[in-house]
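Engineer: With chain A's structure known, arrange chain B on it following the hints.
Residues per chain, in single letters:
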Amino acid sequence: MIEVKNLHKTFMNGQVETSVLKGLDFKIEKGEFIAIMGRSGAGKSTFMYQISLLDEPTRGEIIIDGISTHTMTTEQKTTFRLTRLGYVFQDYALIPELTAVENVALPLLMQGMPTKKAMTTAQNALKTVGLATHGNQLPSQLSGGEQQRVSISRAISHNPDILFADEPTANLDNESSLTIMDIFKQLHKQGQTIIMVTHEEEYGKMAEKTVTLNDGRIVQVKKNTN
Amino acid sequence: MFSPLNFRIGFFLAVRQLRRSSVWTNSLIIFVMVLTFLNLVVVSGILVGLIQGSIEALRDQYTSDVVVSNLKTKSYIEFSPDIIQIIQKIPQVQNITARYIEGVSLEANYKTKTDDREKPNTAGSEIVGIDPIAENAVTGLSRWIIEGSFLEPGDYDQILIGSNLLKKYVPVDNPGFSALYDVEPGSKIRIKVNGIEREVTVKGILKSKVQEVSLRVYIIDSQLRSMIGRNDFNVDEISIKLTTGTDPLVVRDALRREGVTRYAKVQTYVDAQPKFIKDIRDTFALLGNMISSIGLVVASITIFIVIFINALTRRKFIGILKGIGISGHAIEISYVMQSIFYAFIGSAIGFVILYGFLQPFIARHPIDFPFSDGILVAPLSGTLLRISLLVVATVIAGYIPARMIVRKNTLDSILGRK
Chain A
1 MIEVKNLHKT FMNGQVETSV LKGLDFKIEK GEFIAIMGRS GAGKSTFMYQ ISLLDEPTRG
61 EIIIDGISTH TMTTEQKTTF RLTRLGYVFQ DYALIPELTA VENVALPLLM QGMPTKKAMT
121 TAQNALKTVG LATHGNQLPS QLSGGEQQRV SISRAISHNP DILFADEPTA NLDNESSLTI
181 MDIFKQLHKQ GQTIIMVTHE EEYGKMAEKT VTLNDGRIVQ VKKNTN
Chain B
1001 MFSPLNFRIG FFLAVRQLRR SSVWTNSLII FVMVLTFLNL VVVSGILVGL IQGSIEALRD
1061 QYTSDVVVSN LKTKSYIEFS PDIIQIIQKI PQVQNITARY IEGVSLEANY KTKTDDREKP
1121 NTAGSEIVGI DPIAENAVTG LSRWIIEGSF LEPGDYDQIL IGSNLLKKYV PVDNPGFSAL
1181 YDVEPGSKIR IKVNGIEREV TVKGILKSKV QEVSLRVYII DSQLRSMIGR NDFNVDEISI
1241 KLTTGTDPLV VRDALRREGV TRYAKVQTYV DAQPKFIKDI RDTFALLGNM ISSIGLVVAS
1301 ITIFIVIFIN ALTRRKFIGI LKGIGISGHA IEISYVMQSI FYAFIGSAIG FVILYGFLQP
1361 FIARHPIDFP FSDGILVAPL SGTLLRISLL VVATVIAGYI PARMIVRKNT LDSILGRK
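These protein sequence lines map, in sequence, to chains A and B. The first sequence begins at 1 in the working numbering and counts up one residue at a time. The second sequence begins at 1001 in the working numbering and counts up one residue at a time.
Since the hints were made in silico from the structure, they are not lab data. Even for Gly, the Cβ is constructed at its ideal location relative to N, Cα and C. Be a bit skeptical, because a hint or two may be false.
Here are the computed distance ranges between Cβ atoms for each label pair [what the hints assert, rightly or not]:
1. B:Ile1367 - A:Glu75: 55 to 61 angstroms
2. A:Pro96 - B:Val1270: 55 to 61 angstroms
3. A:Gln141 - B:Phe1344: 26 to 32 angstroms
Here are the simulated lysine-lysine pairs, DSSO-like style, with alpha carbons at most 27 angstroms apart [claimed, not checked]:
4. A:Lys22 - B:Lys1418
5. A:Lys22 - B:Lys1408
6. A:Lys30 - A:Lys222
7. B:Lys1408 - A:Lys77
8. A:Lys77 - B:Lys1418
9. A:Lys222 - A:Lys185
10. B:Lys1188 - B:Lys1119
11. B:Lys1316 - A:Lys77
A short, non-exhaustive set of chain A residues, derived as facing chain B with CB atoms under 7 angstroms [what the hints assert, rightly or not]:
12. Thr78
13. Tyr87
14. Ile95
Excised from the complex, chain A in its bound form:
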């Protein structure tokens, strides 16, 4: 489903060139739950930004469902992200002026769904993460764990092909983190492809497969038994 070929990412800091990803080759199949792990600076988040089309690789190719993404225009990438990808960010990334249900409904509205239907779908998505009664609350009125669950609802409300999660438990306490991971496991059981970046081993092990990066290279791919 996702094929990464010779992926490079280099940052320029003045005259200094820093190579973060050094020629990655990798394949992710549909329905897999992958945890990308590694030490700080290993390149795991950068790797996720490239394959989730939030950033442009310096070199190499990313093919999603047979579509080579490097030929896409910015507009096409935006539409691709809207319709086929879902994102969960470390700091929840909810829009502060929108209520929980509006945050979840926004991508649906952008896809042209009628407002009433979008709101109903968003409300149902909130229900699946246990926030049926929190729809009219603003992000500031929710706890960190609740905000992250809203973020997951937003990411899955439009049934994306791939769900990307960047350190989804990093800002949460243990209980909330386990709730989030339970949701991911449920989604995975339902066939959702999930690619999650984490530095926390105990949550990484909950994924189907763990990909470990070190110094911009994949050093280990391990199937987890859970």
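Structural biologist: Same frame as chain A, now just chain B:
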């Protein structure tokens, strides 16, 4: 960019951002927009109104709606009685006043002068012979009496004198200007018209910002007529007051069709305005527009800064919106819509203040400028044009900063990288 979907999402975001942002911030921005609107309309309106007030006063106190005066080649209006008859037959005519006008020299305190070498207390002006009742009906001349009282029919050897001929009201001391001193109601004055001298009593003093009122001397028409020997009853000037709502052009054209122009000049109060007044009005209008333009630029910069700061502080969220697939154009439209909201609300409040309070208030209490009672001229068409300009300026001023932030790299925005 202009797809309905982008507008829909732009509206969705704009409404919520406005509704849930700080009331104080919104109020401050709207307050700035109100001031900008008032600056756009009121500054030029006052500048034009300063001259317009003068024009209105000239109409009210001197020319009235239509004025008939002598041809350049004649020293008076020939066949005046016939012309007056024609005028009186026009149904829209409410009142008329006919005036005799001659040059006059005035001398006061001649009885108390003890030394022949002493400079005489003299002044030169025009003397106007009027029917006090008719004149008052047309121009309300009696309103401007500040000392003494107005003329009555039969007030022979009595005059009204304009305050600008009296030193106590015009304390100007220059070689080209002479005014009478020690003159008040009851003072005896010697007037000299067409070589005929007469001693008259000052019955009242007139003071108005219209020079034609304050710089003239008024006497009963029959007395002036006999002094200048105008036994044919031909007058120099006829002011015509029309019924309310009558277009002066209608009456002017009617008189022209009657052939009055063969013997007299027929003008509406607009035609009779001196060219320099029209030039000053146009100059002030231009000046007002220039000042307004600066106001427009200031408003644009204000909106630019507000939207720029707003977008900059929300850069991360803009990045997230783009990241989850919201079109950059939809985000830009949301900011443009917020700008339009500020401009519209500011203009609407300004509009209500302008037409609900400022204009009626200034109309009732004109601004006391030295040479006119200034009013606020704000025609609706001009105001609507200025609102349009304000909205267009704010759309541009809102779009540019939004575009600047939206076009930044999505990931850089999300991560707060420069």
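Engineer: Next step is simple, just say for each hint if it's right about the structure.
Structural biologist: Status of each hint after checking the structure:
For the pair Ile1367 (chain B) and Glu75 (chain A), the beta carbons lie near 57 angstroms from each other, so the given range of 55 to 61 angstroms is met. Separation of Pro96 (chain A) from Val1270 (chain B) is about 60 angstroms and conforms to the stated range, judged on CB atoms against 55 to 61 angstroms. Range check, Gln141 (chain A) to Phe1344 (chain B): Cβ separation about 31 angstroms, and the 26 to 32 angstroms hint holds. Taking the CA atoms of Lys22 (chain A) and Lys1418 (chain B), the gap is about 24 angstroms. The hint holds against a cut of 27 angstroms.
Taking the CA atoms of Lys22 (chain A) and Lys1408 (chain B), the gap is near 26 angstroms; set against the 27 angstroms cutoff, the hint holds. At most 27 angstroms may separate the alpha-carbon atoms for a hinted pair to count; Lys30 (chain A) and Lys222 (chain A) meet this at roughly 17 angstroms. For the hint pairing Lys1408 (chain B) with Lys77 (chain A), the CA-to-CA distance comes to about 15 angstroms; that is within 27 angstroms, so the pair holds. Between Lys77 (chain A) and Lys1418 (chain B) the alpha-carbon distance is near 22 angstroms, which keeps this suggested pair within the 27 angstroms criterion.
A C-alpha spacing of about 18 angstroms is found between Lys222 (chain A) and Lys185 (chain A), which places the hinted pair at or below 27 angstroms, so the restraint holds. As the CA atoms of Lys1188 (chain B) and Lys1119 (chain B) are separated by approximately 18 angstroms, the hinted pair is consistent with the 27 angstroms bound. With a CA separation close to 19 angstroms, the supplied pair Lys1316 (chain B) and Lys77 (chain A) stays within the 27 angstroms bound. For Thr78 (chain A), the shortest C-beta to C-beta distance to chain B is roughly 6 angstroms, which falls under 7 angstroms, so the interface hint holds.
The interface hint given for Tyr87 (chain A) is met, as the beta carbon of that residue sits about 6 angstroms from the closest beta carbon of chain B, less than 7 angstroms. Taking 7 angstroms as the C-beta contact cut-off toward chain B, the hint placing Ile95 (chain A) at the interface holds, the least distance being around 6 angstroms.
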